[in-house]
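**Student:** I would like the entire structure built from these sequences, with the hints used as guidance.
Going left to right, the sequence shown walks through residues 1 to 369 as full-length UniProt numbering numbers them.
Rather than coming from a laboratory, the hints here were simulated on the basis of the structure.
Please note: incorrect hints may appear among the correct ones.
[Stated by the list, open to error] Below, computed lysine-lysine pairings styled on DSSO-like, alpha-carbon distance capped at 30 Å: (1) Lys8 with Lys212; (2) Lys30 with Lys61; (3) Lys65 with Lys312; (4) Lys312 with Lys57; (5) Lys174 with Lys233; (6) Lys159 with Lys348; (7) Lys191 with Lys212; (8) Lys351 with Lys212; (9) Lys357 with Lys191; (10) Lys159 with Lys351; (11) Lys212 with Lys233; (12) Lys343 with Lys312; (13) Lys312 with Lys351; (14) Lys174 with Lys312; (15) Lys61 with Lys309; (16) Lys61 with Lys174; (17) Lys174 with Lys191; (18) Lys212 with Lys159.
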Amino acid sequence: MQTLRENKTLITEILSADPEFILQHVQQAKIVNQREYNNLNVTGHPPETIIINLLDKVMNKGTEKCLDFVTLLQQPNIIDTYSRMEEVFSNNLTAPSDHTFSTGTRGPYTTSSTDTTGQAVGMSSEVCQYRMTSLPRGHCLIINNVHFIQMGERRGSDKDAEVLKDVFQWLGFKVTVLLDQTAVQAREELKRFGDETHGDAFVCCVLSHGGKGVIYGTDDEPISTNDLFSPFKGTNCSTLIGKPKAFFIQACRGKDTQDRVQLEADENPGHQIYIPADADFLFAMATVEDYYSFRIPTSGSWFIQTLCKQLKQGCPRGDDILTILTQVNRDVSQMDDRYRDKKSGEYKRAKQMPEPKYTLTKRLVPRLW
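**Tutor:** Structure representation (structure tokens):
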């Protein structure tokens, strides 16, 4: 939305050269309906007035429609008709009013040159950051499994899906929410998204029941974590090579409950964790392996709600994703819940520890659009 607002005068000037053409495409893309199209396409109105009314209409429809419109403006047939449209997006990459944060005050980070994929490349041992300038930033797929054949209903998961959608639309992603996917359906959708043309990043959020090394479809069939990220490996998805692929998983990873311990005894003697050999992946799990994660039916899960809160706070400051996830770890680790032990019948207090793991090769800084 900010792209449209800041470039409204320039976009109006460019599109006024042929308002009928853009109106037809906006209507075909279902950004406006037939009635709105008829109200905008008034014979005798000056071209500038038609375009101003169109932009106002789109911006009043919210972030998702604005993203659809910005995507439309970057289509080849639109660029061919309005050749000056490239000025809008070249301006967006460098304008100081864009929410881009300099890395110059944040330690030994740099953005010095670009490689053949267009991603930034650092010099020597300095760490640069991933480019996050495409509009939209990329796809965000949310799989929200609530109702299962035998497993319990995941009450409160809709709260998580809603806040995730809001946050990633705010960050400029084109969000797709899929409700109640069987294991086969989830694999098919993941493959379909792997075949898409992508922007500068890909995000996948999975909200479901889970176990050790798996999450479950609504048919109670398991989906391995490898099945989640495999469609997006460089060998399967060429348009995401060298680009960040982030997965946020809200699911249990076992049936144990973490007890509270004193700070001096805070150790994790768990088994070795292996991350994918493929570069540029980020996995953020709600809990470490073998343990439950917690979800409140009225307000959503500890992990997802905290994640979205920290994204909202950290992104405007220019925090990178690992800084944000460290704060998520801290906040969630300080929560606890009262539960009844099935063996002893006693009430105890339980903890939760999220676990990010990654093969990122650059700083990932989510940028507002």
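**Student:** Look at each hint and say if it fits the structure.
**Tutor:** Hint by hint, here is what the structure shows:
Proposed proximity of Lys8 and Lys212 is contradicted: the alpha carbons are some 51 Å apart, above 30 Å. Between Lys30 and Lys61 the CA atoms are separated by roughly 12 Å; this keeps the pair inside 30 Å, and the hint holds. For the given pair, Lys65 sits about 21 Å from Lys312 by alpha-carbon distance, which is consistent with the 30 Å threshold. Only pairs whose Cα atoms come within 30 Å are accepted, and Lys312 paired with Lys57 is accepted, the gap being roughly 26 Å.
Restraint check: the Cα-Cα separation between Lys174 and Lys233 comes to about 20 Å, which is no more than 30 Å; the hinted pair holds. Taking the CA atoms of Lys159 and Lys348, the gap is near 26 Å; set against the 30 Å cutoff, the hint holds. The hinted pair formed by Lys191 and Lys212 meets the criterion: a straight-line CA distance of about 23 Å does not exceed 30 Å. Between the alpha carbons of Lys351 and Lys212 the distance comes to roughly 18 Å, so the proposed pair stays at or under 30 Å and holds.
Taken as a hint, the Lys357 and Lys191 pair is honoured in the structure, with Cα atoms around 23 Å apart against an allowance of 30 Å. For the hint linking Lys159 to Lys351, the alpha-carbon distance of about 21 Å falls within 30 Å, and the restraint holds. Distance restraint check for Lys212 and Lys233: the Cα-Cα separation of roughly 22 Å lies within the 30 Å cut-off, and the hinted pair is therefore satisfied. A hinted pair counts as satisfied when its Cα atoms are at most 30 Å apart, and Lys343 with Lys312 does not qualify at roughly 41 Å.
This hinted pair checks out: Lys312 and Lys351 have alpha carbons roughly 24 Å apart, not beyond 30 Å. Between Lys174 and Lys312 the alpha-carbon distance is near 17 Å, which keeps this suggested pair within the 30 Å criterion. About 24 Å separates the Cα atoms of Lys61 and Lys309, which keeps this hinted pair within 30 Å; it holds. For the hint linking Lys61 to Lys174, the alpha-carbon distance of about 15 Å falls within 30 Å, and the restraint holds.
Restraint check for Lys174 and Lys191: satisfied, since their Cα atoms lie roughly 17 Å apart, inside the 30 Å limit. A C-alpha spacing of about 25 Å is found between Lys212 and Lys159, which places the hinted pair at or below 30 Å, so the restraint holds.
Checked against the numbered hints given earlier, the structure breaks hints 1, 12 and satisfies all the rest.
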